[in-house]
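**Student:** Protein chains in written order, with numbering that gives the first Met the number 0: chain V, 0 to 104; chain R, 0 to 179.
Hints are computed from structural coordinates only; laboratory data are not their basis. Predicted model, so just to flag it, every value in this text is computed and none were measured. A couple of the hints might just be wrong.
[Stated by the list, open to error] Keeping only pairs whose Cα atoms sit at most 16 Å apart, straight-line, the calculated EDC-like set for lysine to aspartate or glutamate is: (1) R/K119 <-> V/D58; (2) R/K24 <-> V/E76; (3) V/K28 <-> V/E95; (4) V/K28 <-> R/E125.
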Amino acid sequence: MIPGISIYEILTLTTVLFFIGVYGFITRKNLISILISVELIMNASVINFVIINKYLYPDMLQGVIFSIFIIAVAAAEAALAISIIINLYRQISSVEVKDTEIMKY
Amino acid sequence: MERYIFYIVAAIMIVFAIAAVNSRKMMRSVIYLLFVLMGVAGIFFLIDYNFLAAIQLTVYAGGIIVLMIFSVLLVHHIELEMEVAKTSKRILTAIASLIGIGIFLITIYSYNFNVIENSKTTTTAEIGEKLLNYGEGGFVLPFEVISVLLLAVMIGAIVIAKGKKLEEKKLEDGRQESEV
Numbered sequence: 000m001i002p003g004i005s006i007y008e009i010l011t012l013t014t015v016l017f018f019i020g021v022y023g024f025i026t027r028k029n030l031i032s033i034l035i036s037v038e039l040i041m042n043a044s045v046i047n048f049v050i051i052n053k054y055l056y057p058d059m060l061q062g063v064i065f066s067i068f069i070i071a072v073a074a075a076e077a078a079l080a081i082s083i084i085i086n087l088y089r090q091i092s093s094v095e096v097k098d099t100e101i102m103k104y
Numbered sequence: 000m001e002r003y004i005f006y007i008v009a010a011i012m013i014v015f016a017i018a019a020v021n022s023r024k025m026m027r028s029v030i031y032l033l034f035v036l037m038g039v040a041g042i043f044f045l046i047d048y049n050f051l052a053a054i055q056l057t058v059y060a061g062g063i064i065v066l067m068i069f070s071v072l073l074v075h076h077i078e079l080e081m082e083v084a085k086t087s088k089r090i091l092t093a094i095a096s097l098i099g100i101g102i103f104l105i106t107i108y109s110y111n112f113n114v115i116e117n118s119k120t121t122t123t124a125e126i127g128e129k130l131l132n133y134g135e136g137g138f139v140l141p142f143e144v145i146s147v148l149l150l151a152v153m154i155g156a157i158v159i160a161k162g163k164k165l166e167e168k169k170l171e172d173g174r175q176e177s178e179v
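This is chain V alone, in the form it adopts within the complex (with noise of 0.2 Å):
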């Protein structure tokens, strides 16, 4: 654990991470910002996983294994994300928000 530094404090940043990425989720109309914004999110919860199998549990390792799979997970989906928009872009030659509707049918 880092000297001097409590577990509050850690949580309150993973919190507003959390919070901005919902931010940028909600308001950005580009799909590659929504990529970026999710990609935030799942960091601060990586960050939860790994601060509190340190601080609450460290004999255990539990929390360090999750955060590896959501690296792996998140790596798996970023790829995929970006394959399909770059597909989305060769057929409407656009990626945002408001011109992909092809799905809605």
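Go by the hints and put chain R onto chain V.
**Tutor:** Same frame as chain V, now just chain R:
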């Protein structure tokens, strides 16, 4: 000393996260995200999880950010400014987010965490043994599932990213055959 480093890293992370969701230029927003991810790696270094910090740096800073820069360059002109949401919507969302932060912080600060003082260092060997342990509390099954997931994503990303061309080719082939 670590205390001040933590405060500096936290300030950098919050400032760059706000910049990443507010910048109107795509490329800058991706670079700001890179700084936030490096701050996360810095926090992992501070609490002595070196292996996790290395994973964070290689997977995020080395992989995902490069993918995003690649896609931004493929999709956008670099100087293009994107449109933003209406001011009323942004203010409303900001207020909702602030209320969310308030509720979360009230809940966190009213809960009494049972913190154990320690300065234990976790080695990479322990994490590896835990990941490949098939006894009780081992993680070998999720580990294998994740590897299958990564393979599936690899194939899926290739198929999706070149899907249109394959279809066109098939259509053209069909037309040529019918003409013959």
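**Student:** With reference to the structure, classify each hint as holding or not holding.
**Tutor:** Quick rundown of the hints versus the structure:
no.	hint	in the structure
1	R/K119 <-> V/D58	8 Å, holds
2	R/K24 <-> V/E76	23 Å, violated
3	V/K28 <-> V/E95	6 Å, holds
4	V/K28 <-> R/E125	44 Å, violated
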